[in-house]
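Student: Given chain V's structure and the hints, the job is docking chains H, C and B onto it.
Protein chains: 4
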Amino acid sequence: MAERLRYGMVGGSLNAFIGEVHRKAIAFDPRAELVAGCFSNIESENVETGEAYHIATDRVYADYMEMAKAEAARPDGIDFVCITTPNFLHYAIAKEFLMAGIHVVCEKPLCFKVEEAEELAALAAEKDLVFGVTYSYTGNTMTKVAKEMIAAGKIGKIVSVNAEYVQDWLLDELDEAHSGSDKNLSVWRTDPEFSGISNCVGDIGTHMENMIHYLTGMKIKRLAATTNSYGNALDLNANMLIEYDNGVNGAYWCSQVAAGHMNGLKVCIYGTEGSLEWEQHFPDYLRYTPRNGAPQTLSRGCGYIKEAAGACGRLPSGHPEGLYVAFANVYRNIISTILKKKAGQTPTAEELDFPTVIDGLNGVKFVHAVIESAKAGTKWVEL
Amino acid sequence: MAERLRYGMVGGSLNAFIGEVHRKAIAFDPRAELVAGCFSNIESENVETGEAYHIATDRVYADYMEMAKAEAARPDGIDFVCITTPNFLHYAIAKEFLMAGIHVVCEKPLCFKVEEAEELAALAAEKDLVFGVTYSYTGNTMTKVAKEMIAAGKIGKIVSVNAEYVQDWLLDELDEAHSGSDKNLSVWRTDPEFSGISNCVGDIGTHMENMIHYLTGMKIKRLAATTNSYGNALDLNANMLIEYDNGVNGAYWCSQVAAGHMNGLKVCIYGTEGSLEWEQHFPDYLRYTPRNGAPQTLSRGCGYIKEAAGACGRLPSGHPEGLYVAFANVYRNIISTILKKKAGQTPTAEELDFPTVIDGLNGVKFVHAVIESAKAGTKWVEL
Amino acid sequence: MAERLRYGMVGGSLNAFIGEVHRKAIAFDPRAELVAGCFSNIESENVETGEAYHIATDRVYADYMEMAKAEAARPDGIDFVCITTPNFLHYAIAKEFLMAGIHVVCEKPLCFKVEEAEELAALAAEKDLVFGVTYSYTGNTMTKVAKEMIAAGKIGKIVSVNAEYVQDWLLDELDEAHSGSDKNLSVWRTDPEFSGISNCVGDIGTHMENMIHYLTGMKIKRLAATTNSYGNALDLNANMLIEYDNGVNGAYWCSQVAAGHMNGLKVCIYGTEGSLEWEQHFPDYLRYTPRNGAPQTLSRGCGYIKEAAGACGRLPSGHPEGLYVAFANVYRNIISTILKKKAGQTPTAEELDFPTVIDGLNGVKFVHAVIESAKAGTKWVEL
Amino acid sequence: MAERLRYGMVGGSLNAFIGEVHRKAIAFDPRAELVAGCFSNIESENVETGEAYHIATDRVYADYMEMAKAEAARPDGIDFVCITTPNFLHYAIAKEFLMAGIHVVCEKPLCFKVEEAEELAALAAEKDLVFGVTYSYTGNTMTKVAKEMIAAGKIGKIVSVNAEYVQDWLLDELDEAHSGSDKNLSVWRTDPEFSGISNCVGDIGTHMENMIHYLTGMKIKRLAATTNSYGNALDLNANMLIEYDNGVNGAYWCSQVAAGHMNGLKVCIYGTEGSLEWEQHFPDYLRYTPRNGAPQTLSRGCGYIKEAAGACGRLPSGHPEGLYVAFANVYRNIISTILKKKAGQTPTAEELDFPTVIDGLNGVKFVHAVIESAKAGTKWVEL
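Residue numbers (this note's numbering), protein chains in the order written: chain V, 105 to 487; chain H, 105 to 487; chain C, 105 to 487; chain B, 105 to 487.
Treat the hints as calculated values from the structure; they're not laboratory data.
Wrong hints could be hidden among the right ones.
Because identical chains share one entry, a pair is satisfied inside a single copy or across any pair of copies.
Claimed, not checked - Taking lysine-lysine pairs in the DSS-like style, the calculated list, with each CA pair at most 27 Å apart, reads:
| no. | residue 1 | residue 2 |
| --- | --- | --- |
| 1 | K325 | K483 |
| 2 | K323 | K258 |
| 3 | K231 | K217 |
| 4 | K325 | K446 |
| 5 | K261 | K231 |
These numbers come from a predicted model, not from an experiment.
Pulled out of the complex, with its shape left as it was, chain V reads as follows (with noise of 0.2 Å):
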């Protein structure tokens, strides 16, 4: 028999968007299966999402604490968790599986503070721990093809950048009708409390910086932005200018505010040699210009695409994917890396291509550099 990871969950009862996501991209391959779970601080729904998934009961915690210790302790205790909580959570959720000795994977902006998130990546270094943060975009077929093409030199030197991510969920903030108690359901997103310093550039905006990066390489030297809240407590909308380690210049704009946007991230890189633009949208193609050529739409799953990275597609062109194979796509190579390690084995680069607490690190420090540009009047922050 195929030897089969056993992970838990902290967050993700029935119902709750990302933690379903999570639950199912991990289904796709049969090589990790659900045992352990604090579902919900809701008795309830606690209960009820153990059953649904065929939990032991003794398996359904109330206290993600107490799920440590005990599955820590145990001779079929979890491989890995899987953190789908709240954001404001993930901090002390993540170190306390760390400091179990568990393997970990959490969902994006990996906490609120740069010294917290310092301490995570430091924890998992130490203690030698898997710990993947899901910027899920990057599992993405297409964002691997464009990543191998930059680096095999297909767009040459790299001379400008541009990514947006828009949405237009948060539209209803800026009703003036509406105040406190008043709003809508989604009002903890611009509560500080909830939210860390930001909500916008937190929540999506980081992806952008997360996915420049993954495709590139390059590192943000320091920016300068504007933000705007509208009236709320946190940012709905920002700009920015960046400029990169190696004298880039690009721009990046994300927004819950822009009507006609459902989840528009759009990354655009222009080099010496050609262009590449990917939407997620339309996550299966990718549009590359070479210089002096026509725009090509390049599709996953067509024999055209020699990359490495082509082949990690599931279906034949022209099937769509979507955002469930992104995600498993990124589980895949966790869960590689980890059965490597339980085998003593080293991972091979195709294996650990996922984003890690290092990534969440960096995502931390750009929606600290943001805010702090924008109150200080849009002076460049250094990150």
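Tutor: Positioned in the frame of chain V, the structure of chains H, C and B alone reads:
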């Protein structure tokens, strides 16, 4: 604990494209688990697949007839079988499991002969067994939204229909240099022994017939067709004029040699009050134009979709769902229906919203009519 | 001073849509000036148009027969006449000017009867006069690029053709409440007296026939059709199966009741080595997919277009040209040809690249074949 | 006879791109005729252009100063001059004709220095002369529709603005192998003597500033920018953070080295009640998303466009208009205004809808602010 169905597979060894899709789709909801299989007639592949899915060794069968018998005899035998073998085996396998009293889900095309299809339909009815046929595109949320909009009169009385399903993956078959064993791996597709009387119309053309019927309720009264085999044994391209039972005309085109098209199923319905257009490559969207209004791009997950069907999506708007979800939605209803039947309850209309053996039968009739018309010089053939 | 042609118009009073397009298109190049006209049978409109264009009052004619005679007699008489009257008048007017020895440019459809079209073609040949018919879409640079690419073998041997021309501006004609004089202003379009035997096929369907012939050189051998008039006197929708003289099959669809389509002429040509797709709404672009390659969006004005035709654009890439330029390109060649003839020189092949009375004749034959086939139960009709 | 204006040109010899566009645009309406010119400082080109346009030889001038004087003195002298020379000559020429009492239409950028622009504005005011500056994109019907929709409150209160103008035709300038005289023909574009203080921002960036102001009425209060020259004398790429006078933020990006973009002016305006997005490549369309509704593709020429501006189109829907029509619409209003002035009448608000010397002045200020900010380390610069 929530009830969970047990299912088995015939076909679907590791790396088989469509079998794997079925397994992942079923795994989307934790209501059915794979416990038995006859995955391949190659022993090593059969065993290997069983191991990968942690199937008990005595339930990995070398022979599907043995499997039907053994599973029917067990108290914990499978509730349904999922048939994803090559098409020419569908009929015999489906019949065997029906005879054993086991619910069936079968890939399309159901089978090659009209009489066989009628026999399977009659058998399912007689035994009161569920028989799903995976015309999976009807599982997409936006096709369900379109169906409801049409039923609600949003586009008025239908006046014209246009559908196409175009691919290009068999373009190499046109090479005159190629012949016989020289041909690429897809050659069985154009071999009558394995593909029946039609390749292209049978493989993809039937999706047009099924989808238009699903969306509008209209049935084809008669059709007139041309087919092209370009020197091969079976068709690679076909054009059809359609007349529906209510007098409306339409046209279908299917091809596997149309360069630049990957998996382009597109259905367009025009009415006195507006139109709806849906394309499989971008399944989360639906183009709706009200008469005298501007075209709108409706998107799965958005609040403005008031149709009940809108709720069957699983992700927020802008998060692409893709093919697995379409399949998973078909299975969700099939599994709900089987659960209701096991509990002696009547499934709801919503739960019964999946393609059945009757759709499979209609598909076989359609294929025969197309081929007959083309052979008879494009004469009208009644269905 | 460069030689400048003199031309006159029959039809095309101020505010008449297509006459105005002709005038602006001719004005694109300063090689022909409007000096005479019989713009309308309503005297005030005729006079007013003459004044707006600073035409000498004695050359604003109340009667086109008088105009042909007078202009032929003048030493500075018009070199060519441009006919943009309602369609049912084309034949008589064109004949009159040919008889007078004046070159003719006529809007399509050329006329209603095959014999009339043949008579005009014979007369032009006999008199050695230029006779242009403004199938204007062939004036678009990218259609010329496509034509050259096909001729150069870029898409190999053609295997399939698909064309559509769909509009929705006659949707109101489907209202059952409307009837007779109740109908909107477009009613003459569906009146046989003014539109001949066909409305939709004659008005827009012929553009498909002409464009495919222009691009590929293939001629239709026979066709089988359905038409729909929805209770009106003439067709508003039609579907056609096509067989070309080289055995290739194709399908055409035209409609004026397809909600959401404005002026959607789209032609798609599939070959053994690739495909080309062009859509009138975005005339500056051409979708080209080489076999086994990614789809490319070729754009007018870009350096990678090596075809000679690429040079016939007038603006840099990314600066949209639109319909006037298409017309202007048709006229550029007609005017060059007439200038060469006046100078006793032979026009080049490039200068002769415009639709002629022969194309007009083919269009009339096509319309008759479609209507005959539909009336005879979709039987194949040879052209 | 209808009154017809007489006009002359400085610049615009045969084959000069933009001068030819001006001539064709003016020819769209038979209300102005070209009668004089100083088309080139190369004598043969000047003469040749005069001949092609049948200009009287004594009105083809070798010197623009002589032309201003002579035309001002003639009883049938030109009503307006159209200046389409290289940019660095605009100021002196415009001043000369204003001094001579002749109306002026000048290409953008108006000139290089703020003081010069202010001088021209003052002079035009003092002499009561019309001074149009051809920010031609505001002539597109759909930008006028957008302007009216915003004014009518269709998208509510503006909350965010995003604009870009990206091209790739100067990509070759990035070649490190190229230097000095080695560079391609576009080198003057990056030479301060001929291009002033900016290349890219001055050439195309100003269109963003102008268009957003045209659409919304908002004026830029201050901006912060980065520019990139990649080793050349002037900028080829720039990113800007914008703050408008009403406190709204936005971001602009312009580039001439963004592979895959031809002439991509795109403006996006987001409000509390919806959004509008317009892209120059497809000028006949406007994407409108009402808050909580589906995105609609509004199209020029369709009956559902109730705005008065909708009427300024010249072709039915689906018949592409393109750049010439945009220019022609700008000229239509300029010519109407001059005609009114000549007749001692007051132009209507609609007739005055064209960009003037004030817009030109604002453009010059914008360019200076961007360059100043970039040089000062991205500090905020007030306009």
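Student: Classify it for me, K325 with K446: is the Cα-Cα distance of at most 27 Å met within a copy, between copies, both or neither?
Tutor: neither (37 Å within a copy, 61 Å between copies)
Student: Which holds for K325 with K483 at a C-alpha limit of 27 Å: within a copy, between copies, both or neither?
Tutor: both (13 Å within a copy, 18 Å between copies)
Student: Treating 27 Å as the Cα threshold, decide for K261 and K231: within, between, both or neither.
Tutor: So K261 and K231 fail the 27 Å test inside a copy (39 Å) and across (53 Å) alike.
Student: Measure nothing new, just compare the shortest in-copy and cross-copy C-alpha distances for K323 and K258 to 27 Å and report within, between, both or neither.
Tutor: Classified as within: same-chain Cα gap 20 Å, cross-chain 41 Å, threshold 27 Å.
Student: Quick one: K231 to K217, C-alpha cut-off 27 Å, is that within a copy, between copies, both, or neither?
Tutor: The answer is within: 21 Å in one copy meets 27 Å, while 64 Å across copies does not.
When the structure is compared with the earlier hints, violations turn up for hints 4, 5 and for no others.
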